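Guided by the hints, dock chain W onto chain R, whose structure is given.
First to last, the sequence lines map onto chains R and W. When we follow UniProt numbering, the leftmost residue of the first sequence carries the number 1, and every step to the right adds one. When we follow UniProt numbering, the leftmost residue of the second sequence carries the number 1, and every step to the right adds one.
Source of the hints: derived by calculation from the structure; they are not laboratory data. Quick caveat: nothing in here was measured; it's all calculated off a predicted structure. This list has only true hints and no planted wrong ones.
Calculated pairs, DSS-like style, for lysine-lysine (alpha carbon to alpha carbon, straight line, at most 25 angstroms):
# : chain 1 : residue 1 : chain 2 : residue 2
1 : W       : LYS282    : R       : LYS288
2 : W       : LYS288    : R       : LYS282
3 : R       : LYS175    : W       : LYS288
4 : R       : LYS162    : R       : LYS181
5 : W       : LYS175    : R       : LYS288
There are 2 protein chains.
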Amino acid sequence: MQTDFCKELGIEVPIFAFTHCRDVVVAVSKAGGIGVLGAVGFSPEKLKEELDWIDEHIGDHIYGVDTAIPQKYEGMDKNTPEELVQMLQDAIPEQHREFSAKMLADAGVPEWPAGEDDEVTLSFSAVQAQALVDESLTRPKCRMIVNALGTPPADIVEQVHKSGRLIGALAGRLKHGLAHKEAGLDFIICQGSEGGGHAGEVTSMVLWPQMIDAVAPLPVLAAGGIGNGRQIVAALAMGAEGVWLGSRWLVSEEAHAEPAQRESYLSATSEDTIRSRSFTGKTARMLKNEWTEAWEREDTPEPLPMPLQGYLTFDAVRRTSRYAGSGDCQKVAFNPIGQVVGQINETESCRDIVFQLLTEYTDALDHLNNLMPED
Amino acid sequence: MQTDFCKELGIEVPIFAFTHCRDVVVAVSKAGGIGVLGAVGFSPEKLKEELDWIDEHIGDHIYGVDTAIPQKYEGMDKNTPEELVQMLQDAIPEQHREFSAKMLADAGVPEWPAGEDDEVTLSFSAVQAQALVDESLTRPKCRMIVNALGTPPADIVEQVHKSGRLIGALAGRLKHGLAHKEAGLDFIICQGSEGGGHAGEVTSMVLWPQMIDAVAPLPVLAAGGIGNGRQIVAALAMGAEGVWLGSRWLVSEEAHAEPAQRESYLSATSEDTIRSRSFTGKTARMLKNEWTEAWEREDTPEPLPMPLQGYLTFDAVRRTSRYAGSGDCQKVAFNPIGQVVGQINETESCRDIVFQLLTEYTDALDHLNNLMPED
Chain R
1 MQTDFCKELG IEVPIFAFTH CRDVVVAVSK AGGIGVLGAV GFSPEKLKEE LDWIDEHIGD
61 HIYGVDTAIP QKYEGMDKNT PEELVQMLQD AIPEQHREFS AKMLADAGVP EWPAGEDDEV
121 TLSFSAVQAQ ALVDESLTRP KCRMIVNALG TPPADIVEQV HKSGRLIGAL AGRLKHGLAH
181 KEAGLDFIIC QGSEGGGHAG EVTSMVLWPQ MIDAVAPLPV LAAGGIGNGR QIVAALAMGA
241 EGVWLGSRWL VSEEAHAEPA QRESYLSATS EDTIRSRSFT GKTARMLKNE WTEAWEREDT
301 PEPLPMPLQG YLTFDAVRRT SRYAGSGDCQ KVAFNPIGQV VGQINETESC RDIVFQLLTE
361 YTDALDHLNN LMPED
Chain W
1 MQTDFCKELG IEVPIFAFTH CRDVVVAVSK AGGIGVLGAV GFSPEKLKEE LDWIDEHIGD
61 HIYGVDTAIP QKYEGMDKNT PEELVQMLQD AIPEQHREFS AKMLADAGVP EWPAGEDDEV
121 TLSFSAVQAQ ALVDESLTRP KCRMIVNALG TPPADIVEQV HKSGRLIGAL AGRLKHGLAH
181 KEAGLDFIIC QGSEGGGHAG EVTSMVLWPQ MIDAVAPLPV LAAGGIGNGR QIVAALAMGA
241 EGVWLGSRWL VSEEAHAEPA QRESYLSATS EDTIRSRSFT GKTARMLKNE WTEAWEREDT
301 PEPLPMPLQG YLTFDAVRRT SRYAGSGDCQ KVAFNPIGQV VGQINETESC RDIVFQLLTE
361 YTDALDHLNN LMPED
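Chain R on its own, in the form it takes in the complex (with noise of 0.2 angstroms):
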């Protein structure tokens, strides 16, 4: 199962890991796919240290870092990060601020202490996502670069190639892989409606085979809906060069999670997700909850547009996840999953769950050439 796009990238398997815990980038890698680390979100100070700890333990394996590159939010290039911040703060409506607030407080969920990390991170600018890949850059065992949401400016993906590294970029509808490949892009992540995260509408069985003919010759990566061989199979058998893996991960030894939210995730089944613009102003599958419901209500306010829902949601985001455990905070938990998440049930090592996939791939290969006639 190795394809031309693993053997481009001088990987063993064409498991590609998206994940945010650095420790989950360097299993994977060393299990002989990739880890993909998640770095949206975090400050160039914090992305310079998770690097510094990849670039220690990953050995002579490779990895790649995915950031979310704006094409543009109106102004939202034009200023000193400190000014976007209270432009953000100030274009989000009382009522949105009292509305979460209070939901946080009714579930009990603890206040995120003062002083410390007191700075709002700009997951969604230009500014900042140009430092973490000049970072990224830096690093020679990093090598490609992803954007999450959209396709990236020409000047980054010059500066990518100009690094002799490779740049994709995730593709929910059809549209946006042909966009991505006209920018010259070098691979394409495919995500059916299943897959965790922002999402399209079209599922992974529809939506695969209709992105690989419509980009080809680039090379498409499988997502949503990936968490066992059987399903790796679907993708390869489809033409796709590569499967895309996150939810697969956020339950291993390896990941950093409270044990409140590997719970909620261990214990849910595939009927527990759904897709809700409450936590980033844009339409991603997570967990159904008291959160998720209660911005669908008519009585409430509307989820605002990305990029303000999420600064309106960042302290929720990082008190849910930081105080897991307390009250009810389950209630209003930010947990991004897909619905894989039903057959995700127990706490393994990255290293057999790759074992895993594998065996399970070969299986459902044998399966599928018992069914051929014989010659």
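Chain W alone, transformed into the frame defined by chain R:
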């Protein structure tokens, strides 16, 4: 690709064609798969006529019949068909009738000719379903009965088994598949959310493998999102014993469809469908149009529960089918189809479609084998 379930039925390839058109049934069975006639909405007389024709044209091949055998609707198994229709008609609010009639009139859809087939068909009644099953079981070449909605009642399961035939049912949720197994059915048709008609929220990629594992050793037919051979490889790799395709035949040469409806299907992308309660009262996937949008608005009537909405829209369904090309009929027409609609862009014979599916299947399997290292 001859699965055990193929062998049990005595068919060559595990392709199950769900269709309302007798010509498609015959063409697919003759091509090596098996046609399953969707008889929901047929009167017993109409079914008799269709099965006579099929029996005459299908040669030595076999087929199935799909109907909707309700477990229970309060009071619906206690009356004569005439009383039932009256009961349903009485339960529909005047506001709903007026809204529906106005939409059709505004779109320029002609009235149904007075005196022609004036009788309302009892699509979802036990009385009607029993008559359809009885008729089907008189036909030696009809080898399987499928229930489109829910677990069939125990007496029907027993009746079908005593006749030496197989009985199965659709399931869009794990718990439905488990209930079917408990009721002693012989196979499950597992449909993901991308499928046309009634479906749940979990997508095929995620639902199929879970269902296959949950109801084992019962055979599972994979439905929802299958329109080419690569998608069939995906289904069989996960352990499905066959594939159930509905959308794929809707614009085939053999399908009965007005040119305007065909054109609606041929020109639609995968983003043009919606899951809507506006025609049957249960969430079903169909092409988006003004009708589906109108029933979602806050200033319009809420769709009634099944079976009421279906009786309310009985007139809309048959008028928009018959007069598909009149006025703005397509803006209010009932066009049920899955997300695969986006990959169906030409009219072909069913025989050619089956041949293509098999060719694509073999090519995709060859591709998978080529990715494996040489021994």
